[in-house]
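Number of protein chains: 2
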Amino acid sequence: MKKALEGLVVLDLSQVYQGPYCTLQLAYHGAKVIKVESPKGDILRERHESKVPHEFLMFNTNKYGVTLDLKSKDGKKAFLKLVEQADILVENFTPGVMKRLELDYDEVLKKRNPRLIYATATAYGLTGPYQNFPGMDLTVQAIGGVMSSTGYPEMPPVKAGPAIADLLGGTHLLAGIGLALYQRERTGEGQKVEVSMHDALYPTLASPLAALYDGDPDNYCERTGNKHSGLRSAPYNVYPSKDGFVAIICATERHWQLLVDILEQQHLLEKEEFKNTISRAAHMDEVDQFVTEWTKNINKWEIVEILTEKGVPAAPVLTIKEVANDRHLIERNMIVEINHPTKGKVKVPGSTIKLSRSIVDNYQPAPFLGQHNEEIFENMIKKEEERI
Amino acid sequence: MKKALEGLVVLDLSQVYQGPYCTLQLAYHGAKVIKVESPKGDILRERHESKVPHEFLMFNTNKYGVTLDLKSKDGKKAFLKLVEQADILVENFTPGVMKRLELDYDEVLKKRNPRLIYATATAYGLTGPYQNFPGMDLTVQAIGGVMSSTGYPEMPPVKAGPAIADLLGGTHLLAGIGLALYQRERTGEGQKVEVSMHDALYPTLASPLAALYDGDPDNYCERTGNKHSGLRSAPYNVYPSKDGFVAIICATERHWQLLVDILEQQHLLEKEEFKNTISRAAHMDEVDQFVTEWTKNINKWEIVEILTEKGVPAAPVLTIKEVANDRHLIERNMIVEINHPTKGKVKVPGSTIKLSRSIVDNYQPAPFLGQHNEEIFENMIKKEEERI
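Sequence lines, in order, name chains A and B.
Just so it is clear: in the first sequence, position 75 is 75 by the UniProt record's numbering, and no numbers are missing.
Just so it is clear: in the second sequence, position 218 is 218 by the UniProt record's numbering, and no numbers are missing.
With the rest of the complex left out, here is chain A:
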């Protein structure tokens, strides 16, 4: 057994980021993932004239691609044949779509295949007052508190640039599938795995929520720029350097002692106002001023080398262009260059999960629309029909 999920078949009806990221990881760890697109294709394809925008390539590596019209009788029939042979089905339609397609899990799919793990990822989940709100990463960041806790206090709320709602949702879905696979090994039964982006964002608010519950609610600060979201830790900020910005944080007393040594400000250790996390947080601006005095005349990577060598957490603020060529991400196979038949060399993400007994070492570019129709339908439907 070379990979964790060898032998498993996944039907992937999902689109854009949330579902496809989940099934990408399933594919990397050995599952046969069949991306089932409508004849029009994943809506993400529309973002570029080529119909293979870079983000589509990032999330569909190592998948098979077939097209089926689930609204047609033949399409549905073929799909149900695939369901009978599948271990996992992933979809991120808005609630109700699968039912309208007469492919409801409880009423139809579970009866066809009781071992099926049915994984559904939505914006708000299948229950609760917002269940029918259509939602995407941006709107879930808005209603989920990400925007109001991001940015500077004097500026309007702003989203996190990265697609965090989508990716947190997709990763929770993946985790849920892992737990359901384990449970199926013990019981023989499949189940429904349900995840929402909105739910997935809530625990990320731990620091601001803690400030709200443990602190003074009347002095509660919604947005804190680069300071700690609960204003409960210092030093904790992004400081100007000679050539950009550098993030520095002292999470323990040891970090603070090391930093003070590097700054040659040992006298601070004796001061009552800096004696522990709580008192330093109360004198945050003074703390930040000491640090800035030192950082502003040094280059960012030099600061990071000095601090990290001593053991103080620090990192440069990198641009997207710098991240795209990050030597560390390349060495860890998080940026993998592969050949695409029409786009040439493209860079796709590798597996975020490194398993010592399931090495990811093969990368096939995302399928064209319907690329594997013949292969999949021939092998999984016709042969099955002949067998019967």
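Each hint should be verified, as a subset may be incorrect.
Identical chains share a label here; the pair holds if one copy fits it or two copies do between them.
Unchecked claim - Listed next, the in silico SDA-like pairs over lysine to any residue satisfying Cα-Cα at most 25 Å (straight line):
| no. | residue 1 | residue 2 |
| --- | --- | --- |
| 1 | K321 | C221 |
| 2 | K343 | D216 |
| 3 | K192 | E6 |
| 4 | K110 | E6 |
| 5 | K382 | V108 |
| 6 | K2 | R115 |
| 7 | K242 | W301 |
| 8 | K275 | G41 |
| 9 | K99 | E309 |
| 10 | K383 | L8 |
| 11 | K321 | M284 |
| 12 | K343 | T277 |
| 13 | K32 | R186 |
| 14 | K310 | Q131 |
| 15 | K347 | G215 |
| 16 | K321 | W301 |
| 17 | K73 | K99 |
| 18 | K111 | P341 |
| 19 | K51 | E273 |
These are calculated hints, taken from the structure and not from any lab test.
With chain A's structure known, arrange chain B on it following the hints.
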């Protein structure tokens, strides 16, 4: 079998957010999670005089708590007894700490218990040039590209307020454990699961990376405020309402047609510059102006009701205080009120993963430091020694 992970024992050496969030979900789904703290306790306890800051309570529900000094001979001996009976070990020390404690997975733990799943979560992983950098959520957001892609173009880079690096790391770790548990059922063997916050952030950059690779690199925009991170979609923004802000996005042609109907601007459908995603993205500011003209005179929830009822993704920007009392999150058991022996009523997050065959219906508050020493040591160490 009432819950997915019933019968499994987890040793949790992790601190702060990343590891503890992973083990929280393991505990919710039925594993017996033993939080092993040093006699000083999880560093997160230092954030509040009570030693039970709210964020600690959020991430340690349903866990047992014991203290062990792993640097002492007796502490190590007791820990190894627990390892022999454990299914999963979770730690998020900086790389090298477990080796210095003479508790290295390959050299020591695996030999004691070949079925052990050893899950390690770090800032940068166990390989690569940054492996020895100490890191926390803030610094990983800096080096990982989150900051440079968050905020307004005319302002400095800013972090995402929520702890996204920690939580994405922790969720990937949970997923990796799920896959490893499945593989262990098939092979009988444990393995090492490795996850880093830095790796986990990289795929969230899909939109800005796509803009970089598919677009014009010279006109590449690092930060786009609330516009699409790749400037590849419109309408996609946060618009002013009479009483705050509202996020609106048209992900499909259908959304756009519905919105234009609601705005009573059907003539826009005939214009070349708004005919599809690509052309609307090229005329983003004009599109945003039409939308703003309509939103600015209406209350945010009213806008959301009008749009979502028709099927257009929209959501109000909520404050943290509003999120903390969100009726949808409460109904979905994402905000659960429980009794804490010293703090009284506290609100902890429920399970983000809803499994139809593993219902989460019991919530015990986070343990005090060493609360279950007697119970665990009596049952798992003394009885084991007597048995031998």
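Evaluated hints:
no.	hint	in the structure
1	K321 / C221	between (33 Å within a copy, 11 Å between copies)
2	K343 / D216	between (55 Å within a copy, 15 Å between copies)
3	K192 / E6	both (21 Å within a copy, 18 Å between copies)
4	K110 / E6	both (23 Å within a copy, 24 Å between copies)
5	K382 / V108	within (22 Å within a copy, 52 Å between copies)
6	K2 / R115	both (23 Å within a copy, 17 Å between copies)
7	K242 / W301	within (10 Å within a copy, 46 Å between copies)
8	K275 / G41	between (60 Å within a copy, 19 Å between copies)
9	K99 / E309	between (57 Å within a copy, 19 Å between copies)
10	K383 / L8	within (18 Å within a copy, 41 Å between copies)
11	K321 / M284	between (32 Å within a copy, 24 Å between copies)
12	K343 / T277	between (52 Å within a copy, 21 Å between copies)
13	K32 / R186	both (22 Å within a copy, 17 Å between copies)
14	K310 / Q131	between (50 Å within a copy, 14 Å between copies)
15	K347 / G215	between (45 Å within a copy, 15 Å between copies)
16	K321 / W301	within (16 Å within a copy, 38 Å between copies)
17	K73 / K99	within (15 Å within a copy, 60 Å between copies)
18	K111 / P341	neither (41 Å within a copy, 47 Å between copies)
19	K51 / E273	between (59 Å within a copy, 20 Å between copies)
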